[in-house]
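Trainee: Sequence:
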Amino acid sequence: MYNEKQIRQLLVRFMEGQTTVEEEQEIARWFAARSEVAPDLEDYRQMFAYFDAGMPEEDVAVTPVAAGGSPSVARSIALRVAMIAAACVAVAVVMTLALSPSSPSADSVQIAAVPVDTVSGAAVHAPSVPKADSVKSEKPKARRYHKYMYTPAPPHPLYAEARRKEFVDSLSDAIDAFVAQCVEEAQRDDEQLYQQAMMEGANRENAIVNEALASLEEEVY
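Numbering (this note's numbering), first residue to last: 1 to 221.
Just so you know, these hints were derived from the structure itself, not from any lab.
Computed from a predicted model, the values in this text were never measured in an experiment.
Beta carbons: idealized from backbone N, C-alpha and C, even for Gly.
Some hints here could point you the wrong way.
[What the hints assert, rightly or not] Listed below are the simulated DMTMM-like cross-link pairs for lysine to aspartate or glutamate, each with C-alpha atoms no more than 20 Å apart in a straight line: (1) Lys5 to Glu36; (2) Lys141 to Glu184; (3) Lys141 to Asp169; (4) Lys5 to Glu24; (5) Lys165 to Asp176; (6) Lys165 to Glu217; (7) Lys165 to Glu191; (8) Lys141 to Asp176; (9) Lys165 to Glu184; (10) Lys139 to Glu191; (11) Lys141 to Glu166.
[What the hints assert, rightly or not] Pairwise CB distance ranges (calculated): (12) Gln181 to Glu4: 31 to 37 Å; (13) Asp173 to Glu218: 41 to 47 Å; (14) Lys139 to Asp169: 38 to 44 Å; (15) Glu24 to Leu213: 26 to 32 Å; (16) Glu218 to Glu24: 52 to 58 Å; (17) Tyr2 to Pro39: 17 to 23 Å; (18) Asp173 to Arg13: 25 to 31 Å.
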């Protein structure tokens, strides 16, 4: 069992992102076993209690200010999380519209609507030539038309998969860059809420990427 000194050392490593999953579980168990801790550890106790509760949405909307905390900092973190979500949605919409297949042009539709019998019809109205008894008449050979002569072939599954991967990569890079910028600003204001902002951004990023993938698959297929 860890003592308070060891827990403090683990908290320093935790804020620097150097702890393992097992060490973070030990920190959570240590705080869960105590209803009262030192005043400077109270914020950490509430944070790990929030993590153990599964980070419910109602707690994010109205975050209680812990002893020694700053109401302005808490509001700033909540505002940045909302900005992250709004920016991610905007990026997803723009990328989806940019990659959506364009409608066929009027010229291609008009060409496709030309009847196939035009060529053979022209041959029917050709001037007749008197036939001699010794000459055999040759029947004109029917012209073969390819399946995709006037219309483009459907996209290959590999091409659709490549576009989907390119979309996911570009969207993920844009979201990661924006989240990293917001988290860096939040960390300068209050390191105690850094982990909370990072986890909120990651959860919202995963949800938006999944929603964008579903929308892209509907557009491609």
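Trainee: Next, verify each hint and record whether it holds.
Mentor: For each hint, the structure was consulted:
1. For the suggested pair Lys5 and Glu36, the alpha carbons sit about 16 Å apart, so the restraint of at most 20 Å is met.
2. Of the pairs offered as hints, the one joining Lys141 and Glu184 is violated, with about 75 Å between alpha carbons and a cut-off of 20 Å exceeded.
3. A hinted pair counts as satisfied when its Cα atoms are at most 20 Å apart, and Lys141 with Asp169 does not qualify at roughly 53 Å.
4. In summary, the hint linking Lys5 to Glu24 is supported, as the alpha carbons are separated by about 15 Å, within the 20 Å threshold.
5. The suggested pairing of Lys165 with Asp176 holds, with an alpha-carbon distance near 16 Å, which does not exceed 20 Å.
6. Annotation: proposed proximity of Lys165 to Glu217 holds, straight-line Cα distance about 11 Å (limit 20 Å).
7. For the given pair, Lys165 sits about 35 Å from Glu191 by alpha-carbon distance, which is inconsistent with the 20 Å threshold.
8. For the hint pairing Lys141 with Asp176, the CA-to-CA distance comes to about 63 Å; that exceeds 20 Å, so the pair is violated.
9. For the hint linking Lys165 to Glu184, the alpha-carbon distance of about 28 Å lies beyond 20 Å, and the restraint is violated.
10. A hinted pair counts as satisfied when its Cα atoms are at most 20 Å apart, and Lys139 with Glu191 does not qualify at roughly 88 Å.
11. For the given pair, Lys141 sits about 48 Å from Glu166 by alpha-carbon distance, which is inconsistent with the 20 Å threshold.
12. One distance hint, 31 to 37 Å for the beta-carbon pair Gln181 and Glu4, holds here, with the actual separation near 36 Å.
13. Take Asp173 and Glu218: their Cβ atoms lie about 23 Å apart, and the range 41 to 47 Å is violated.
14. Against the hinted window of 38 to 44 Å, the Cβ-Cβ separation of Lys139 and Asp169 comes to about 58 Å, which falls outside the hint.
15. For Glu24 paired with Leu213, a C-beta distance near 30 Å keeps the hint of 26 to 32 Å intact.
16. Judged by the Cβ atoms, the range 52 to 58 Å given for Glu218 and Glu24 is violated: they are separated by roughly 39 Å.
17. Checked against the hint of 17 to 23 Å, the pair Tyr2 and Pro39 passes, with Cβ atoms roughly 20 Å apart.
18. Between Asp173 and Arg13 the C-beta distance comes to about 29 Å, which sits within the given range of 25 to 31 Å.
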